[in-house]
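Undergrad: First to last, the protein sequences are chains A and B.
Each residue of the first sequence is one higher than the last, beginning at 1 in my numbering.
Each residue of the second sequence is one higher than the last, beginning at 1 in my numbering.
Worth double-checking, as some hints may not be accurate.
[To be verified] Which bits of chain B does chain A cover? Going by a derived footprint, with three or more residues having C-beta under 8 Å, they are:
hint: 1; segment: 3 to 15
hint: 2; segment: 32 to 45
hint: 3; segment: 84 to 98
[Unchecked claim] Partner residues are not named here, just some residues of chain B that face chain A (Cβ under 8 Å, in silico):
hint: 4; residue: Lys18
hint: 5; residue: Val19
hint: 6; residue: Asn22
hint: 7; residue: Asn58
The set of hints was computed from the structure by calculation and includes no laboratory data.
Note that the structure is a prediction, hence the values are computed from the model and not measured.
Don't be surprised by glycine CBs; every beta carbon is placed ideally from N, CA and C.
Spelled out from the first residue to the last, the chains are:
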Amino acid sequence: MNVKFINPFLEGTVKVLKTMAFVEPRPGKPFLKKDSLARGDVSGIIGLTGSAKGSLALSFSEPCIVKIVSTMLGEDMKEINGDVKDAVGELTNMVSGVARKMLESEGYNILAAIPTVVSGKNHSIVHVLGGPSIIIPFETDSGPFFVDVCLNEVK
Amino acid sequence: MDKNMKILVVDDFATMRKVVRNLLKQVGYENIAEAEDGAIALRILKSQKVDFVISDWNMPNMNGLELLKAVRADGDLAKTPFLMVTAEALQENVIAAVKAGVSNYIVKPFTAEVLNEKIKKIVEKL
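Based on the sequences and whatever the hints tell you, model everything.
TA: Laid out in structure tokens, this is it:
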């Protein structure tokens, strides 16, 4: 995966969470992930195609996403429920949109599918390309979440 | 600005409808209806008085662009203010929306203040 793809997803994540949930996520050091295990308790996954192909996943720990969605909805969420899963899908969609807009200015025309959401301890994230992915870990005051991206340029 | 105007929020994600409703309430709009796709939105528009439409782009059955075109083609609905919400401000999509007669568009993510400014600018031009 081209490392220049990392920054748009990192910046997109920060922008979306700051704007929608007033959360200032703190990025950690990206690393290569070779298994298909999600690092969080609930994950949104979106397929990407066009001049780059692959998929993006956002994987949230339960306390983190519960706090985020509580703020977004102005309601007190207690656990991962239907609304929280819906929000995970939408957040994944938004991060994908911001990142794709940034990549468009670099000449990449990338379209996104409709996101799917999976949850439960030890659930899997299977990327479209099937290979290793890059994880960008984030910390928030309510717990961690992870951006998990696998994207290759189409030549 | 008429804070009593009826706003129709169209999005297939229930949570996003709640988020937009929450943002609208923060800036004083409480008269809000919802639809989960363009087809349902069009039925609501034909049966009730709606003063403003805020619609997502990507939806099943009838997407935001298709809804916009249907609204602009309907003699009774044609002048309805229409704000398109999109997660992807890709140039070709913006062009398509402008050609179809969108009042304006707003790119996710956005704050209540940005949403309010967009609504104000559209209403002031009416």
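Undergrad: Each hint: holds or not?
TA: Going down the list of hints, with the structure as the test:
{"no.": "1", "hint": "3 to 15", "result": "holds (count 3)"}
{"no.": "2", "hint": "32 to 45", "result": "violated (count 0)"}
{"no.": "3", "hint": "84 to 98", "result": "holds (count 6)"}
{"no.": "4", "hint": "Lys18", "result": "holds (5 Å)"}
{"no.": "5", "hint": "Val19", "result": "holds (5 Å)"}
{"no.": "6", "hint": "Asn22", "result": "holds (5 Å)"}
{"no.": "7", "hint": "Asn58", "result": "holds (7 Å)"}
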